[in-house]
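S.K.: Chains as they are written, first to last, in this note's numbering: chain A, 1 to 243; chain B, 1 to 243.
Check the hints yourself; a few may be wrong.
Identical chains blur together in the list; that is why a pair holds if it fits in one copy or across any two.
Unchecked claim - Restricting the straight-line Cα-Cα distance to at most 20 angstroms, the calculated cross-link-like pairs of lysine to aspartate or glutamate (EDC-like) are:
1. K50 / E106
2. K212 / D193
3. K212 / E195
4. K118 / E135
5. K212 / E122
6. K243 / E195
7. K212 / E135
8. K118 / E195
9. K243 / E87
10. K50 / E105
11. K243 / E232
12. K50 / E157
13. K50 / E17
14. K243 / D10
15. K212 / E6
Hints were generated in silico from the structure; no laboratory data involved. These figures come from a predicted structure and were not determined experimentally.
Listed here are the chains, written in short residue letters.
2 protein chains.
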Amino acid sequence: MRFTSEQRLDDGVLEREFTLGEIPGILWTPASASAPAPLILLGHPGGLHKMYPRLVARARQSAAEGFAAATIELTGSGDRPRSAAAEQARADLRRALEAGEPVDEEVVDRLVLPLVDKAVPEWQAVLDALLSLPEIGGPVGYSGGVISIGIRLAVVEPRISAAVLFAGSFVPRALFEEARQVTIPLHVLLQWDDEGNDRQAALDLFDAFGSKEKTLHANMGGHTGVPQFAGEDAARFFGRHLK
Amino acid sequence: MRFTSEQRLDDGVLEREFTLGEIPGILWTPASASAPAPLILLGHPGGLHKMYPRLVARARQSAAEGFAAATIELTGSGDRPRSAAAEQARADLRRALEAGEPVDEEVVDRLVLPLVDKAVPEWQAVLDALLSLPEIGGPVGYSGGVISIGIRLAVVEPRISAAVLFAGSFVPRALFEEARQVTIPLHVLLQWDDEGNDRQAALDLFDAFGSKEKTLHANMGGHTGVPQFAGEDAARFFGRHLK
Numbered sequence: 001m002r003f004t005s006e007q008r009l010d011d012g013v014l015e016r017e018f019t020l021g022e023i024p025g026i027l028w029t030p031a032s033a034s035a036p037a038p039l040i041l042l043g044h045p046g047g048l049h050k051m052y053p054r055l056v057a058r059a060r061q062s063a064a065e066g067f068a069a070a071t072i073e074l075t076g077s078g079d080r081p082r083s084a085a086a087e088q089a090r091a092d093l094r095r096a097l098e099a100g101e102p103v104d105e106e107v108v109d110r111l112v113l114p115l116v117d118k119a120v121p122e123w124q125a126v127l128d129a130l131l132s133l134p135e136i137g138g139p140v141g142y143s144g145g146v147i148s149i150g151i152r153l154a155v156v157e158p159r160i161s162a163a164v165l166f167a168g169s170f171v172p173r174a175l176f177e178e179a180r181q182v183t184i185p186l187h188v189l190l191q192w193d194d195e196g197n198d199r200q201a202a203l204d205l206f207d208a209f210g211s212k213e214k215t216l217h218a219n220m221g222g223h224t225g226v227p228q229f230a231g232e233d234a235a236r237f238f239g240r241h242l243k
Numbered sequence: 001m002r003f004t005s006e007q008r009l010d011d012g013v014l015e016r017e018f019t020l021g022e023i024p025g026i027l028w029t030p031a032s033a034s035a036p037a038p039l040i041l042l043g044h045p046g047g048l049h050k051m052y053p054r055l056v057a058r059a060r061q062s063a064a065e066g067f068a069a070a071t072i073e074l075t076g077s078g079d080r081p082r083s084a085a086a087e088q089a090r091a092d093l094r095r096a097l098e099a100g101e102p103v104d105e106e107v108v109d110r111l112v113l114p115l116v117d118k119a120v121p122e123w124q125a126v127l128d129a130l131l132s133l134p135e136i137g138g139p140v141g142y143s144g145g146v147i148s149i150g151i152r153l154a155v156v157e158p159r160i161s162a163a164v165l166f167a168g169s170f171v172p173r174a175l176f177e178e179a180r181q182v183t184i185p186l187h188v189l190l191q192w193d194d195e196g197n198d199r200q201a202a203l204d205l206f207d208a209f210g211s212k213e214k215t216l217h218a219n220m221g222g223h224t225g226v227p228q229f230a231g232e233d234a235a236r237f238f239g240r241h242l243k
């Protein structure tokens with residue numbers, strides 16, 4: 001892991017850009033940390049520059065609670081090399097949505113499964129590197145979409161102790177099956193009127209999770225309209241489980 | 001309104017039993033209130049003595065946030081005179097549930113509609129009396145089941161500014177229609193595995209509410225298993241809207 005830039009934000013949070021092999025990312029650590037900080041991995045739908053304002057807001061909120069936070073660029077997004085197959089699947093999805101047609105499961109599989117297969121080992125490699133830093137300790141939480149990546153991580157990565165998942169993307173049938181194997185505490189956010197989201201599928205997915213402690217918070221509004229208080233509820237969830 | 005008993009709880013909260021005409025109730029006011037306190041009406045499924053431990057816990061939590069809280073015995077419950085028609089409807093409902101049969105809409109109507117018709121004016125009369133006390137101010141919130149009573153109150157009683165509703169009882173079709181007329185901020189609690197509750201009906205009801213700000217919090221467990229943190233979230237909701 002190589003740090004490529006470093007700046008203090010006005011609230012004292014230290015923001016460092018890094019690369020790990022070909023993966024670019026950002027690490028935020030709290031202004032004053034006496035002990036190694038617990039860590040929250042911030043997932044997002046891809047496009048680190050475009051997503052930066054929302055990511056830094058989530059990182060500041062995490063830092064205020066004593067958590068470090070880190071994100072990486074999603075495979076095939078932002079400045080990372082495109083995959084022709086993924087671009088094709090994305091175009092097929094867009095075409096179906098614009099035509100108002102039901103989205104074929106095969107298209108969802110073609111788009112999401114390779115993403116999960118690539119992104120999860122990347123998160124795990126980044127986690128290895130982050131946990132070797134003296135200022136980062138455990139436990140570790142995952143927060144965000146792409147929800148399928150969160151599901152797989154929760155199943156295969158025992159260092160992740162709790163997850164806040166954003167129900168707002170298409171989920172392959174196979175990931176519903178994996179969801180039954182998830183046992184860590186979950187806090188699921190659903191935007192009730194999310195235009196790009198199938199509400200019933202999101203409720204079915206919530207039902208499928210094997211976790212004994214799982215909470216669904218549904219709020220009004222579209223994909224990016226998560227209210228401030230819902231973010232605070234999510235931060236409190238990590239406060240209960242990562243300390 | 002006649003106070004019939006008065007005691008200080010160990011946290012300084014003042015608990016007073018009262019009667020208003022034939023309606024018995026309990027009022028809790030915070031230990032130290034410099035200004036008239038906002039008020040939360042605590043709804044419950046009937047049986048004030050049986051429900052007391054849970055009600056006093058909710059009242060203490062409210063008082064800690066600076067709210068007064070009040071509850072009344074539900075019409076036809078506890079020591080109040082029974083209605084033969086309501087008892088018959090309750091028996092019909094129980095018989096259907098025990099036989100594992102679908103519950104007839106007509107039975108739900110027969111059980112719930114007269115309850116709503118009686119309980120809502122009672123709450124309004126109690127609200128008149130409570131708001132005339134110098135230690136009680138506005139705004140006013142309603143918290144609890146019977147959710148149909150909460151729906152009607154939210155529609156007809158303009159002094160209620162926000163409501164926490166427990167989705168855990170049968171709701172007549174007519175109340176779904178009234179739900180569309182509700183416009184105040186709502187915080188709806190759903191126990192995902194509530195044995196006596198139709199989950200899909202609860203989700204449909206949440207969808208029906210006309211409120212621009214409405215939040216659904218679903219947690220695992222049965223009817224009485226609402227986790228401590230869910231109660232705290234509900235208290236914060238009132239903190240945002242009643243101050």
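S.K.: Look at each hint and say if it fits the structure.
M.R.: Hint by hint, here is what the structure shows:
1. For a Cα distance limit of 20 angstroms, the shortest separation of K50 from E106 qualifies neither inside one copy, at 29 angstroms, nor across copies, at 55 angstroms.
2. Taking the shortest alpha-carbon separations for K212 and D193, only the inter-copy value of 11 angstroms comes in at or below 20 angstroms, while the best intra-copy value is 27 angstroms.
3. For the homomeric pair K212 and E195, the shortest alpha-carbon distance between copies (16 angstroms) is at most 20 angstroms, but the shortest distance inside one copy (30 angstroms) is not.
4. Taking CA atoms no more than 20 angstroms apart as the test, K118 paired with E135 passes in neither setting, with 27 angstroms inside one copy and 62 angstroms between copies.
5. In this assembly of identical chains, the alpha carbons of K212 and E122 never lie at most 20 angstroms apart, being 28 angstroms within a copy and 40 angstroms across copies at closest.
6. In this assembly of identical chains, K243 and E195 lie within 20 angstroms of each other by CA distance neither inside one copy nor across copies; the values are 36 angstroms within and 33 angstroms between.
7. When the C-alpha separation of K212 and E135 is checked against a cutoff of 20 angstroms, the pair qualifies neither within a copy, at 32 angstroms, nor between copies, at 43 angstroms.
8. In the homo-oligomer, the alpha carbons of K118 and E195 never lie at most 20 angstroms apart, since the shortest distance is 27 angstroms inside one protomer and 41 angstroms across protomers.
9. When the C-alpha separation of K243 and E87 is checked against a cutoff of 20 angstroms, the pair qualifies neither within a copy, at 40 angstroms, nor between copies, at 50 angstroms.
10. Taking the closest pair of Cα atoms, K50 and E105 never come within 20 angstroms of each other, the shortest separation being 28 angstroms inside a single copy and 51 angstroms across copies.
11. Taking the closest pair of Cα atoms, K243 and E232 come within 20 angstroms of each other both inside a single copy (16 angstroms) and across two copies (19 angstroms).
12. In the homo-oligomer, the alpha carbons of K50 and E157 never lie at most 20 angstroms apart, since the shortest distance is 28 angstroms inside one protomer and 46 angstroms across protomers.
13. For the homomeric pair K50 and E17, the shortest alpha-carbon distance inside one copy (15 angstroms) is at most 20 angstroms, but the shortest distance between copies (59 angstroms) is not.
14. Taking the shortest Cα distances, K243 and D10 never come within 20 angstroms of each other, neither inside one copy (26 angstroms) nor across copies (31 angstroms).
15. Taking the shortest alpha-carbon separations for K212 and E6, neither the intra-copy value of 40 angstroms nor the inter-copy value of 42 angstroms comes in at or below 20 angstroms.
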